[in-house]
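Model the full structure from these sequences, guided by the hints.
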Amino acid sequence: MEKRQYNITAETGIHARPATLLVQTASKFNSDITLEYQEKSVNLKSIMGVMSLGVGQSASVTITADGDDEKDALDAITETMKTEGLTD
Amino acid sequence: MTKFKGIAASDGIAIASAFRLTEPDLSFDKKTIKNPDTEIDRLNQAIEISKQELRTIQQRTFKDLGRHEAEVFKAHIAILSDPELLKRIESMIKTQHVNAEYALKDVSDSYVKIFNSMTDNDYIKQRSTDINDVTKRVLSHLLGVPLTDPALIDHKVIIIAHDLTPSDTAQFVPNYVKGIVSDMGGRTSHSAIMSRTMEIPAVVGFQGSLADIKDGDQVIVDGLTGNVIVKPSNDEKNEYVEKIKKYRQANSQLTSFRNVATTSSDGKHPIIAANIGTLDDLQAAIDNGAEGIGLFRTEFLYMDSDELPSEQSQFDIYKTVVQRMAGKPVIFRTADIGGDKELPYLHTPHEANPFLGYRAIRMSLDQPDIFRTQLRALIRASAYGNLSIMFPMIATITEFEHAKRIFEDERAKLIAQDVAVGDIRVGIMVEVPAAALLADQFANVVDFMSIGTNDLIQYVMAADRGNRRISYLYQPYNPSVLRLIKSVIDACHDNGTPAYMCGEMAGDQKAIPILVGMGLNEFSMSATSILKSRALIKELDSREMVTLANKTVSLASTSQQVLKYVHQALGKS
Numbered sequence: 001m002e003k004r005q006y007n008i009t010a011e012t013g014i015h016a017r018p019a020t021l022l023v024q025t026a027s028k029f030n031s032d033i034t035l036e037y038q039e040k041s042v043n044l045k046s047i048m049g050v051m052s053l054g055v056g057q058s059a060s061v062t063i064t065a066d067g068d069d070e071k072d073a074l075d076a077i078t079e080t081m082k083t084e085g086l087t088d
Numbered sequence: 089m090t091k092f093k094g095i096a097a098s099d100g101i102a103i104a105s106a107f108r109l110t111e112p113d114l115s116f117d118k119k120t121i122k123n124p125d126t127e128i129d130r131l132n133q134a135i136e137i138s139k140q141e142l143r144t145i146q147q148r149t150f151k152d153l154g155r156h157e158a159e160v161f162k163a164h165i166a167i168l169s170d171p172e173l174l175k176r177i178e179s180m181i182k183t184q185h186v187n188a189e190y191a192l193k194d195v196s197d198s199y200v201k202i203f204n205s206m207t208d209n210d211y212i213k214q215r216s217t218d219i220n221d222v223t224k225r226v227l228s229h230l231l232g233v234p235l236t237d238p239a240l241i242d243h244k245v246i247i248i249a250h251d252l253t254p255s256d257t258a259q260f261v262p263n264y265v266k267g268i269v270s271d272m273g274g275r276t277s278h279s280a281i282m283s284r285t286m287e288i289p290a291v292v293g294f295q296g297s298l299a300d301i302k303d304g305d306q307v308i309v310d311g312l313t314g315n316v317i318v319k320p321s322n323d324e325k326n327e328y329v330e331k332i333k334k335y336r337q338a339n340s341q342l343t344s345f346r347n348v349a350t351t352s353s354d355g356k357h358p359i360i361a362a363n364i365g366t367l368d369d370l371q372a373a374i375d376n377g378a379e380g381i382g383l384f385r386t387e388f389l390y391m392d393s394d395e396l397p398s399e400q401s402q403f404d405i406y407k408t409v410v411q412r413m414a415g416k417p418v419i420f421r422t423a424d425i426g427g428d429k430e431l432p433y434l435h436t437p438h439e440a441n442p443f444l445g446y447r448a449i450r451m452s453l454d455q456p457d458i459f460r461t462q463l464r465a466l467i468r469a470s471a472y473g474n475l476s477i478m479f480p481m482i483a484t485i486t487e488f489e490h491a492k493r494i495f496e497d498e499r500a501k502l503i504a505q506d507v508a509v510g511d512i513r514v515g516i517m518v519e520v521p522a523a524a525l526l527a528d529q530f531a532n533v534v535d536f537m538s539i540g541t542n543d544l545i546q547y548v549m550a551a552d553r554g555n556r557r558i559s560y561l562y563q564p565y566n567p568s569v570l571r572l573i574k575s576v577i578d579a580c581h582d583n584g585t586p587a588y589m590c591g592e593m594a595g596d597q598k599a600i601p602i603l604v605g606m607g608l609n610e611f612s613m614s615a616t617s618i619l620k621s622r623a624l625i626k627e628l629d630s631r632e633m634v635t636l637a638n639k640t641v642s643l644a645s646t647s648q649q650v651l652k653y654v655h656q657a658l659g660k661s
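As you go down the protein sequences, you meet chains A and B in turn.
For the first sequence, the residue numbers in the numbering used here are 1 to 88.
For the second sequence, the residue numbers in the numbering used here are 89 to 661.
Bear in mind the hints are in silico, worked out from the structure with no lab data behind them.
Glycine is no exception: its CB is placed at the ideal position from the N, C-alpha and C atoms.
Take the hints with a grain of salt, since some may be wrong.
Computed cross-link-like contacts, DSBU-like style, restricted to lysine-lysine with a CA-CA straight-line distance of at most 35 Å [as the list claims (entries may be wrong)]: (1) Lys244/B - Lys119/B; (2) Lys244/B - Lys652/B; (3) Lys122/B - Lys182/B; (4) Lys201/B - Lys3/A; (5) Lys620/B - Lys71/A; (6) Lys626/B - Lys331/B; (7) Lys40/A - Lys162/B; (8) Lys201/B - Lys28/A; (9) Lys626/B - Lys28/A.
So the derived label-pair ranges between C-beta atoms look like this [stated by the list, open to error]: (10) Asp88/A - Gln505/B: 29 to 37 Å; (11) Pro234/B - Asp32/A: 53 to 61 Å; (12) Asp32/A - Arg412/B: 49 to 57 Å; (13) Gln57/A - Lys598/B: 54 to 62 Å; (14) Thr78/A - Gly415/B: 49 to 57 Å; (15) Glu79/A - Asn132/B: 47 to 55 Å.
Structure (structure tokens):
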């Protein structure tokens with residue numbers, strides 16, 4: 001199981017467009033991937049789940065991947081977070 | 089064949105097959121089912137068909153209308169691919185033995201509830217609309233009731249609709265939508281204004297039953313007379329083919345008026361300007377030889393977006409408009425939001441009487457941040473052309489002075505920052521009867537007035553202009569309305585203040601002779617009315633029209649009488 005923490009620096013938080021791209025990235029991997037924010041945890045492959053968390057600016061989130069490609073998955077997700085300007 | 093009557097809303101004649109754009113009945117009962125697995129199969133099939141449909145719509149919308157318009161369908165596909173959503177629906181079917189329709193609606197409603205409660209995130213709140221739309225689509229396949237998708241139209245049609253929303257018209261492919269028939273509203277309803285902007289012949293306030301028109305029926309829409317003919321005979325069809333030919337010829341003759349100044353037969357020069365809301369409309373205004381823009385409806389920038397437009401994005405558009413008008417005057421109306429133009433991301437409370445409520449300048453003065461952002465964008469754009477600003481729905485002198493102070497404040501701040509600023513005239517839109525009655529006082533403080541007849545008439549008559557049952561009260565030629573308009577124009581002229589008009593009445597061929605007689609300085613209208621109005625004014629002697637105008641306000645007691653005077657005056661000149 002791999003686990004990483006991110007600080008969201010984007011002004012609008014994780015809103016629809018970056019959320020869609022994060023979900024698309026996560027969906028490419030076999031691992032179970034979850035997004036945790038304020039003690040709530042959702043499936044990162046679910047757009048409705050991610051948006052229902054309402055992650056705003058300067059939130060601290062934890063992403064966990066569990067499966068045969070967990071490390072690759074988290075690397076790819078980190079990359080998407082950066083290119084979408086969600087985190088520094 | 090059957091002939092129906094309606095209100096002529098947009099010029100032109102079209103013959104094509106009917107395409108009914110109707111809300112299907114998606115009601116269903118909660119049922120207990122025996123076999124959850126077959127129910128889940130049924131659900132998955134409906135979802136698969138919905139996704140295929142959405143992909144087609146997305147590709148077509150992208151090709152015909154652009155990326156922004158197609159984006160929403162991509163979001164719809166993403167929702168239908170959501171594993172959590174599907175899992176929750178499936179588990180509800182399995183554990184509670186309910187039908188797929190019920191489980192789908194229940195789960196989707198629970199998400200809508202979560203999203204709607206996220207008051208601090210407008211973007212996500214709006215996604216409830218997407219979830220509702222997607223749910224409707226899947227439900228329609230579960231129930232076997234087809235949804236109608238304007239984006240899927242692939243042949244020439246006449247749209248038959250109860251009313252059209254902006255999102256419907258956004259999906260229209262111009263080459264395929266040849267005409268519109270709607271049973272709602274009058275000449276100033278959304279359907280009517282959109283059809284004129286898109287130059288599609290339209291009849292609104294249809295007096296027959298729309299249910300009598302079936303999909304695929306051949307329909308003739310005559311936007312000049314308000315006639316609608318369903319399943320015409322061959323003779324009638326030939327007659328209309330001939331009429332279309334004549335109409336096109338008359339139109340091409342009008343093009344000789346494109347690049348000449350508007351002049352009456354005795355040499356007076358009123359200005360004919362255009363009402364626009366987008367850069368597409370601007371092109372139509374230029375193509376039709378507008379001598380200015382008398383009304384730029386800035387609220388479309390707010391309505392076409394999911395969030396408040398930034399100062400920079402507004403500035404870019406305002407600058408483009410004044411630059412392309414190359415020194416000709418452009419009047420921007422500050423955002424007329426509220427009323428029938430609600431913005432989901434602004435959380436304006438729902439009101440019982442939106443037309444009498446929190447809207448336009450009332451909202452701007454209450455939420456000055458939004459107002460200041462717009463004013464800054466406008467002031468910056470003034471360096472690039474001939475720019476004026478007008479405030480909508482002004483009722484009192486105090487409101488105007490308050491708005492003007494905010495304008496002066498932002499102007500001073502920009503000048504202090506060495507930002508280039510041009511001369512800007514600041515005026516009001518006269519649409520509240522209180523302001524019209526006090527026009528002589530307003531004339532002392534404003535640079536110009538522009539009479540907004542669409543709202544002024546509905547306020548004078550106390551008649552909602554979208555309500556078909558009282559549409560007879562929308563009477564631009566009523567002597568009461570004409571007296572009020574004349575008193576505003578006279579008050580302006582007594583003070584050397586120019587008087588303009590930017591309501592539908594300014595482009596009305598029967599009203600123009602009266603308004604020329606009243607000495608109106610600028611007629612601002614839909615781009616499509618410009619050339620024929622210029623041709624009409626060329627035939628008018630303004631001195632004779634003064635006599636006509638005086639007769640209408642002093643002798644006439646009804647609209648019919650006014651129209652009789654107009655008819656007589658035109659016969660003579």
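Hint by hint, here is what the structure shows:
1. Lys244/B - Lys119/B: 42 Å, violated
2. Lys244/B - Lys652/B: Violated, at about 40 Å.
3. Lys122/B - Lys182/B: OK: lysine 122/B and lysine 182/B at ~10 Å, within 35 Å.
4. Lys201/B - Lys3/A: Roughly 31 Å between the alpha carbons, so the hint for lysine 201/B and lysine 3/A holds.
5. Lys620/B - Lys71/A: With a Cα-Cα distance of about 70 Å, the restraint between lysine 620/B and lysine 71/A is violated, given a limit of 35 Å.
6. Lys626/B - Lys331/B: 25 Å, holds
7. Lys40/A - Lys162/B: Holds - the C-alpha atoms of lysine 162/B and lysine 40/A are around 27 Å apart, at most 35 Å.
8. Lys201/B - Lys28/A: Holds, because 29 Å separates the two Cα atoms, which is no more than 35 Å.
9. Lys626/B - Lys28/A: 69 Å, violated
10. Asp88/A - Gln505/B: 29 to 37 Å: Holds, at about 31 Å.
11. Pro234/B - Asp32/A: 53 to 61 Å: 39 Å, violated
12. Asp32/A - Arg412/B: 49 to 57 Å: 55 Å, holds
13. Gln57/A - Lys598/B: 54 to 62 Å: The hinted range 54 to 62 Å holds for glutamine 57/A and lysine 598/B, with Cβ atoms some 58 Å apart.
14. Thr78/A - Gly415/B: 49 to 57 Å: Given a distance of about 54 Å, which is inside 49 to 57 Å, the answer is holds.
15. Glu79/A - Asn132/B: 47 to 55 Å: Given a distance of about 33 Å, which is not inside 47 to 55 Å, the answer is violated.
In this structure, the earlier hints numbered 1, 2, 5, 9, 11, 15 are contradicted, and the remaining ones agree with it.
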